[in-house]
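What follows is each chain in one-letter form.
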Amino acid sequence: MKLLSALLPRVIIFALLLLLVWLNLPQLAARYMADEIRRETGTVLNVAETTRTNQLDRWYLKSIDWVDPRLPSFNLVQAEEAFLKISADALWRRQLIIEQLQLTQSRLATPRTIPLDEGAADEVSTINVDLTGSPLPRIQFASPAKAAAQAWIDRIGQPSSTYQREVAALQKKLVEFEKQWSTRATEAAHRALTVKQELENIERANSEQALGNVPNPLRNSSNEPSPAARFASLRNEKRTIENSLKPFQQEVAILQVELERFRGEVLRSIEKTQVPETLDPDLANQLILGPAMSELASQWINWIEHFREVAGKFERVDLAPFTRGRNVVFRGMVQPPAFHIESMELSGATVVAGQRIGLAGSVQNLSSDPRRQTEPTLIKLRAQAKEHLLIEASIDRRQGQMHDTLTVNCPASPLDGLQWGSPQVLGLESGPATMQTDATFTFHGDEIDGQITVTYGDLVFLVNQLHEMLGGQNVQLLLNHELASQNQVVARATVRGTRQQPQLTLQSEWGSRFASHYNRIQSAASGMLGRQQAEKILNELERELDRIRMSTGGKVEQVTQQLNEGSQVFARLEAWEQEQVKAGRLR
Amino acid sequence: MSISTMPAAEPSISGLSRFRDSLTRGFTHSVSGFDSEHRVTMGIVLGMLAGLMPKDSLLAYVFIGLLVLSLANMLAGVVSLIVFSYVGPLLDQWSDSLGYSVLTQPALQNVLAGMMQMPLLPWMRLDNTVVMGNFLIGLALVYPMYWIGFRCYSRIKPNLIRWFAANRSTRWLVRNIG
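Chains as they are written, first to last, in the working numbering: chain A, 1 to 587; chain B, 1 to 178.
Watch out, some of these pointers could steer you wrong.
Calculated cross-link-like contacts (lysine-lysine; reagent style DSS-like; alpha-carbon spacing at most 30 Å) [claimed, not checked]: (1) 55(B) / 62(A); (2) 85(A) / 55(B); (3) 173(A) / 246(A); (4) 85(A) / 380(A); (5) 173(A) / 536(A).
To be clear, the hints were calculated from the coordinates, so they are not data collected in a lab.
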């Protein structure tokens with residue numbers, strides 16, 4: 001009896017304590033859940049109010065605020081209300097398994113305005129996650145088709161490369177010719193002028209002597225050459241000048257011949273070696289659809305890699321600051337993750353790069369330690385923004401592997417006008433259209449295996465640039481006529497390789513249709529390809545020669561005219577001399 | 001002379017009154033600290049064991065339950081619990097090493113792994129190095145703490161009772177409740 005009276009009060013105290021616990025169970029449960037999440041994931045869960053249902057494993061939480069001290073700029077999730085169903089069996093084994101979690105009116109990745117309490121941000125290194133939409137570095141895909149397309153563009157862009165050296169040599173020769181003959185013509189003009197002036201002086205002296213004013217200039221004296229000798233000297237000088245100018249016309253003629261010969265060689269060479277610039281379907285796809293598809297694939301892979309990298313940082317974070325001691329995993333013990341959400345349904349919104357995105361979907365098998373999961377994490381999300389996206393992802397980190405798959409389905413959404421192809425060689429533009437995207441990516445470690453199918457609807461192409469080697473504006477007009485009837489394009493891109501060196505292969509029936517149209521039009525308009533370009537260059541050379549002939553030839557002509565005028569003076573002087581000799585005034 | 005031997009208030013006639021008297025006496029005995037040396041020391045030891053444990057371990061609450069349900073002195077137990085709750089984290093460095101060396105013993109792997117698969121036992125968090133280390137340190141300190149507590153309390157008990165008896169509020173408490 002004495003023992004009973006001693007124990008009874010203690011039993012009552014114990015019962016009171018249990019009652020106190022029972023009454024505060026919602027708060028204690030919320031506190032336990034927050035502590036467990038903090039310890040296992042390093043994140044902080046703030047719950048304003050917790051209410052329980054008649055069943056102990058079902059709970060309602062209000063005004064949830066789930067933040068990560070390592071991400072200083074935003075909250076992970078904010079939700080007005082959440083319903084969760086906890087596995088009671090797992091709870092006995094100290095596992096927090098949430099069989100069902102429904103988040104309503106949730107907002108993801110919202111900017112953080114309230115600072116964390118309890119110094120939660122202390123002792124953790126922050127991880128920068130950029131959600132502002134700043135452009136990520138573009139992935140450069142390698143593929144034989146891309147290399148071939150680039151080589152083709154380079155070849156078209158430099159059509160004269162085969163005879164460019166000869167053209168340059170000929171141009172140099174013309175410049176030197178012009179320079180040389182310009183000097184020679186100037187010198188000859190000077191000499192011709194001297195001869196002419198001397199002859200005119202003699203003539204003027206003769207006429208004055210006839211009037212008896214001055215001595216006869218042709219009078220022979222002891223220290224002067226004889227008149228015959230002086231005439232002979234001037235005649236020789238005139239002949240020398242004439243001879244020096246004679247080669248000009250010859251050399252021009254030689255250059256003309258050389259140019260003609262070169263023209264013949266070039267055209268023969270072009271005819272002999274010229275292969276019509278046909279397009280094959282792969283080349284057409286790569287040229288026109290390649291850049292757009294590469295851009296699309298690059299964007300997807302970049303985003304996925306970005307999130308994988310960020311997720312990897314979280315996995316590697318040491319959570320030691322949140323717990324005392326170390327948890328030892330015993331040999332042979334299969335220990336499931338301590339915090340595990342079997343199924344989570346959410347509906348809410350987020351803002352990425354200033355754009356509001358509505359989100360609804362489910363996440364299955366989300367845990368604090370993905371390596372210990374028995375099933376991979378599955379995500380099914382429907383995102384509604386300017387575009388509508390259905391995303392299904394599987395994230396498998398079991399036994400430390402990195403095997404992820406992602407399937408994206410974007411139903412037909414509006415597409416603004418775009419530029420396609422290569423603007424220097426073959427450029428196209430399209431007006432407003434629709435675009436539907438289906439993409440599947442598999443990532444195994446660094447290996448990527450993906451396929452993107454894009455279906456463009458109501459797409460009308462217009463060729464706005466076609467290189468002369470490809471036919472220029474004539475072919476462009478005919479092509480546009482053919483393309484006006486095309487309105488659906490389906491393109492498939494396959495991405496394989498490693499994340500460092502991904503390869504992209506492109507397939508589309510549109511490429512074969514375009515190539516077929518182009519080749520048909522091109523074969524009809526054949527002959528105006530390399531020949532056209534070559535003739536253009538050769539004509540330029542010929543025009544240059546004509547210009548030299550005109551400018552330098554003009555100078556030569558001027559000298560010849562001076563010489564002709566000198567010849568008339570010669571004739572008059574000779575006649576005068578003969579008269580004087582007959583009259584006996586000259587010997 | 002203990003407070004329990006002091007003349008009680010006028011005995012009640014009805015059984016209900018007797019029950020009430022019994023309860024109030026039990027409460028005052030439990031919290032007043034004038035029990036036997038054995039009970040007080042037991043309270044100190046259980047409080048120490050509970051205090052050393054990290055409070056996210058079920059073991060801490062097991063020891064608190066034992067403290068409440070046993071005949072140990074609760075006042076001594078609560079004081080000890082509070083004191084050792086502050087001492088516990090100071091021992092983490094050593095308890096972590098000790099716990100790790102025990103938990104990684106090959107011979108214990110199967111036993112411990114089996115324990116972790118059983119219901120409720122994982123709540124004790126014996127897989128944690130600090131919990132295991134502090135638990136072992138606590139167990140190792142049981143007898144020394146009992147011996148020291150017993151000796152100390154035996155010495156201070158007469159003075160404590162004298163002071164308690166001289167205190168007006170305590171006398172009032174005993175006269176009106178006890």
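| request: For the pair we were handed, residue 55(B) and residue 62(A), check the Cα-Cα distance against 30 Å. | output: Holds, at roughly 27 Å.
| query | Under the criterion that the straight-line Cα-Cα distance not exceed 30 Å, is the pair residue 85(A), residue 55(B) satisfied? | reply | 26 Å, holds
| query | Between residue 173(A) and residue 536(A), does the CA-CA distance stay at or below 30 Å? | reply | 19 Å, holds
| Keeping to a limit of 30 Å between CA atoms, is the pair of residue 173(A) and residue 246(A) held or broken? | 19 Å, holds
| Given hint residue 380(A) paired with residue 85(A) - CA-CA distance at most 30 Å | Holds, because 20 Å separates the two Cα atoms, which is no more than 30 Å.
Going through the hint list in order, the structure satisfies each hint without exception.
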